[in-house]
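> For the record, the sequence lines run as chains A and B. Be aware that the first sequence starts at 1, since it is given in this note's numbering, and climbs by one per residue. Be aware that the second sequence starts at 1, since it is given in this note's numbering, and climbs by one per residue.
Okay, the calculated bits of chain B under chain A, using three or more residues with CB under 8 Å as the criterion:
(1) 106-116
(2) 126-137
(3) 163-169
(4) 193-203
(5) 216-222
(6) 226-233
(7) 246-259
Using C-beta positions, here's what the derived DEER-type ranges look like:
(8) B/S106 / A/R126: 56 to 66 Å
(9) B/P122 / A/E29: 40 to 50 Å
(10) A/G27 / B/A26: 43 to 53 Å
In short, the hints are calculated from the structure, not lab data. Here the structure is a predicted model, which means the values were calculated and not measured. Just so it is clear, CB atoms sit at the ideal spot from N, CA and C, and this is done for glycine as well.
Number of protein chains: 2
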Amino acid sequence: MAQIRKIVILGSGNVATHLGHAFQEAGLEVLQVFSREVEHARTLAGQLNSGFTDRLADLNQDADLYVMAITDDAIEKVAECFPFQDKLLVHTSGTTHMDALKAGSSRYGVFYPLQTFSRDVPLDYRKVPLCLEAHKESDKPALEHLAGSISDAVQWTGSEQRRMLHVAAVFACNFVNHMYTVASDILKQHDLPFDLLRPLIEETARKAQEKPPGQIQTGPARRNNLKVIERHLEMLKEQPDYHKMYNFISESIRRKYGFEG
Amino acid sequence: MAQIRKIVILGSGNVATHLGHAFQEAGLEVLQVFSREVEHARTLAGQLNSGFTDRLADLNQDADLYVMAITDDAIEKVAECFPFQDKLLVHTSGTTHMDALKAGSSRYGVFYPLQTFSRDVPLDYRKVPLCLEAHKESDKPALEHLAGSISDAVQWTGSEQRRMLHVAAVFACNFVNHMYTVASDILKQHDLPFDLLRPLIEETARKAQEKPPGQIQTGPARRNNLKVIERHLEMLKEQPDYHKMYNFISESIRRKYGFEG
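Same shape as in the complex, but just chain A (with noise of 0.2 Å):
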């Protein structure tokens, strides 16, 4: 199989920064940089050593492969532009349809990093799932080659099941860290820190790390102790937007854990 060495990236923010990064410590080349915004192209090749350019018909020709990873809306339309018929290219999302890249190509992919990224927060990358679609047969190992030289968790995925997984992920991470949000709110109009509840936070992520979560929830509605809840909603009752969503949450585990009809 032909082994993929060198990678033009299209696009500068998180994904891409924390990609070409991990693409580098690999022993990969990065040969350019792609972005609408020559500056945030550029900051990016500086730090990678490589080329940038802000046209997509001056995108370097020589790479092995073409990193798609910009905002959804846009993949479609830059696909259309892309220059090169043959070539593979991939886009990084969770919720875009591997087809949308079918103008651009006739070699595509997904290549779909499943972590939360902050652009000051260095990353271990080995630990960050990678969801690989390919459309054609003969593209796959390398793509599997390549995702296994930086992560060890590479998993194929059907467009569907991506979708899901992207889904799946909101839960997980954004709904989470609303939860985290509204919490601190409650304990600043308390005059509370929130560090009080930093350990509260990481002992939950670490027990999720061992345990289904479905067998470790624990409070009030999980207990079914009804007279916590109502103490609780009297206690929301001029916050209506977090007094709803404890009610809600709290009926949705009472229903999960069988004390509703």
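With chain A held as given, fit chain B onto it using these hints.
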């Protein structure tokens, strides 16, 4: 100040067990474990090399502190049968008012460890925030000294503050774990292993250790990406509970970040 050296624990559940071990490791003496279920009392007493009893009338009278780690509903009843009028008595509940102990002794307070305990999972107690209250000013120094001997995060709170802290903890722990469970269900339905989400869960909690969660919110709702939200809702349409929850929490995030009037 008279230090607390000898302790009797009332209760034999998760909180009682973890507290008992923490006291012991700090060089304090657990004289006795009380539980209505004598076998439970015996088991924990065996671990702590202490006496045990299932009769309140037989409580050891030589302790400096009596720690009631029992269910919320039983606190007031057990306090009414507490046999010593001037011994320091505390409960470990997040929601129960300190005054629930009034009938038990003239010296009472609260010793509330803010953490999620599982019996089998060892825990670094030094990181567990302890929220203290005391009815008598004169009992505060000894209680604070004791708390400081097992934890680095000791906080005096009022009953109202402590109860709000407990509500916040329900969001940050119980509701968070339910989000993990929903995510896990969605994966299971699509033949994907929960392991794929574990690194994301870990990273999401880790970020909240360093930054205020309101500053690191990500995801479709935070970006006001209505197209993705619509697509996700469509994908969840056969699971009304999860559909409703996705919609509800996404709306809450959008309102929070100013995307909806």
